[in-house]
Amino acid sequence: MKIKDILKETFLALSSNKIRSGLTMLGIIIGIGSVIALTAIGTGAQNSISASIESIGSNLIIVMPGAQRSFGGPSGGRGVALTLTVPDADAIASQVSGVSAVVREVSSRKQVTATGTNTNTNIVGTEPSYLTVRNVSIDEGSFISANDVSSGSKVAILGPTTRDDLFGVGAENVVGQKIRISGSEYTVIGITVSKGGSGFSNVDDVVYIPYTTAGRYLSGNRYLSEIDVSAQDSSVSSQVQADVTTLLLSRHNITDPTKADFNTLNQADIIATASSVTSTFTGLLAAVAGISLLVGGIGIMNMMLTTVTERTREIGLRKAIGAKRKDINRQFLIEAVALTFIGGIIGVLLGVGIALAISSLGILQAVVSVSSIALAFGVSAVIGIVFGYYPAQRASKLNPIDALRYE
Amino acid sequence: MIEVKNITKTYNTGGEPFEAVKGVSFSVADGEFIAIMGPSGSGKSTLMHILGALDSPTSGSYFLDNKDVSTLSDDQLADIRRDKIGFVFQSFNLLPRTTVIRNVSLPLVYDGVPDKERIIRAEEALFASGLDRIYFSHLSNQLSGGQIQRVAIARALVNNPSLILADEPTGNLDSKTGEIVLNTFQKLNKELGRTIILITHEQEIAEHADRIITIRDGVITSDSKSHKKR
Chain A
4 MKIKDILKET FLALSSNKIR SGLTMLGIII GIGSVIALTA IGTGAQNSIS
54 ASIESIGSNL IIVMPGAQRS FGGPSGGRGV ALTLTVPDAD AIASQVSGVS
104 AVVREVSSRK QVTATGTNTN TNIVGTEPSY LTVRNVSIDE GSFISANDVS
154 SGSKVAILGP TTRDDLFGVG AENVVGQKIR ISGSEYTVIG ITVSKGGSGF
204 SNVDDVVYIP YTTAGRYLSG NRYLSEIDVS AQDSSVSSQV QADVTTLLLS
254 RHNITDPTKA DFNTLNQADI IATASSVTST FTGLLAAVAG ISLLVGGIGI
304 MNMMLTTVTE RTREIGLRKA IGAKRKDINR QFLIEAVALT FIGGIIGVLL
354 GVGIALAISS LGILQAVVSV SSIALAFGVS AVIGIVFGYY PAQRASKLNP
404 IDALRYE
Chain B
16 MIEVKNITKT YNTGGEPFEA VKGVSFSVAD GEFIAIMGPS GSGKSTLMHI
66 LGALDSPTSG SYFLDNKDVS TLSDDQLADI RRDKIGFVFQ SFNLLPRTTV
116 IRNVSLPLVY DGVPDKERII RAEEALFASG LDRIYFSHLS NQLSGGQIQR
166 VAIARALVNN PSLILADEPT GNLDSKTGEI VLNTFQKLNK ELGRTIILIT
216 HEQEIAEHAD RIITIRDGVI TSDSKSHKKR
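Those protein sequences? They're chains A and B, same order as listed.
Numbering of the first sequence is given in my numbering, commencing with residue 4 and proceeding in unit increments.
Numbering of the second sequence is given in my numbering, commencing with residue 16 and proceeding in unit increments.
Among the hints, erroneous ones may be present.
Stated by the list, open to error - Listed below are the simulated BS3-like cross-link pairs for lysine-lysine, each with C-alpha atoms no more than 27 Å apart in a straight line: (1) B:LYS82 / A:LYS400; (2) A:LYS400 / B:LYS99; (3) B:LYS82 / A:LYS329.
Hints listed in this document are in silico derivations from the structure and should not be mistaken for laboratory results.
Extracted from the complex, chain A is given alone in its bound form (with noise of 0.2 Å):
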């Protein structure tokens, strides 16, 4: 037997009951179409969540200090050691391999004041190429310049959140006015391009200055609160990290590399841990949706058996003229494939449906993705193999006697 005529067979049996295939086709179309749109949900939150945390920089490689450590004395935390100096981040900056940009911090949190209002934020004392590597654009007025740092000037960028508190909301010619920190006058030069966030981690409640002007005039030592080092590329980062972290042991003379009193953190660590928990709850969700895929399996294969009964005397007659058992058995196997075939079409494009609603609405950037697209036609294909091979068995080996017989 042709295959063209096992499909024209296909066809004639699944189209003379439309009502019984189109709803057995139903629980596949449901099946495959929520494997598909919950995936594609997931992906879509797992891109949203790393470019959040991207938005931070780029390839950053972030060195703090470790917990101060005295014999006997209580720990001063994390964080708060006096450990990384200035001549550590230039050693970083000339001596690690792969290596694009270092930026020395000097960060502390004080009361600001501006004429009648006052608000208490982070002072982050920097340097230009701060910028490039944690993402930040200017709206209005300038950075801090290289000559900024190298005479320590007194001179402020402020976050629009600060700015909104300082000076009123969405405050305009705030460039040139004067504020005042810990009792020194500094001239606002520059306002930052909103980053978004808020609470306890609103990056745009925030104060930039040159970091020798914070450290001459808040810090009050040659300290450094923060090294962020940012790899050339995604691939270095783990390598950059290594480096540094050698290079910092042996510049402080430590030789036990867990007694460090620094700590290094990668940027791309913390995506790849965010980004497991999301292919996680992703697994989840398809795994949700994969289960009304499988019920929707044993509908084709409960109308297979329906229809294998239904057709005994057919399949008698077919084999009186000459259907041997593997044409009975391809035909109605092709009939199961057909129906999730059809069905897992159908799903796709109703899954890419439900993805682009999503996206469109602006809940969240869906993304479906070709493998995920893939893997449904292949389980597709692959239930109604499976869920299609009982009943083509039971009528390939129904013998003809007794089904020209049947009743």
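Chain A is already provided as a structure; the job is to place chain B on it using the hints.
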């Protein structure tokens, strides 16, 4: 050319073995029209299944066109049915909601005959069975009993078989329509030289054949020329 030698068939269902056919021998020459007659339970259906290559005998041999069919596998039997045998059933067994042409050409589908040739051969068979052309594209459920049986006869003819087996072909038809169907068989035998075996339990129907083999309790009780009802 059919040669049946000492065929037996024993069923083992329900504990005690039951011998439905107990050593039957006869031969049929090409172009003969014979009737196998017997009451129900006589073993004529079992014999029909063996002759139709739907079942294998327990012992004995069955030569169809000089080929021993009694020892073949399921798939080889399917090939024999496809190439050498045409069935006409009491209950017609047409595919429901399917056109006449498609029903008739179904055996050719399993033979891998190209589409165009299928149609031509199906139409030839339908002409031979005497169905009017206007019904060719009708669906099987839109026809009367007599028309349906003509379609079934055409289907039995279409693969050019060595043997046409008709199992109570008039059982579901009124006597007038039954007569027309039997005349069709006679015509196929006389004009096209088809070998036909008609299975029936009615003497009157068996009389349409040239030769009548009577079977009772699994053995042949008579084998003689009929009184010619033509």
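Outcome of the hint check:
1. As the CA atoms of LYS82 (chain B) and LYS400 (chain A) are separated by approximately 26 Å, the hinted pair is consistent with the 27 Å bound.
2. Only pairs whose Cα atoms come within 27 Å are accepted, and LYS400 (chain A) paired with LYS99 (chain B) is accepted, the gap being roughly 23 Å.
3. Between LYS82 (chain B) and LYS329 (chain A), the direct Cα distance comes to roughly 24 Å. Compliance with the 27 Å bound is thereby established for this hinted pair.
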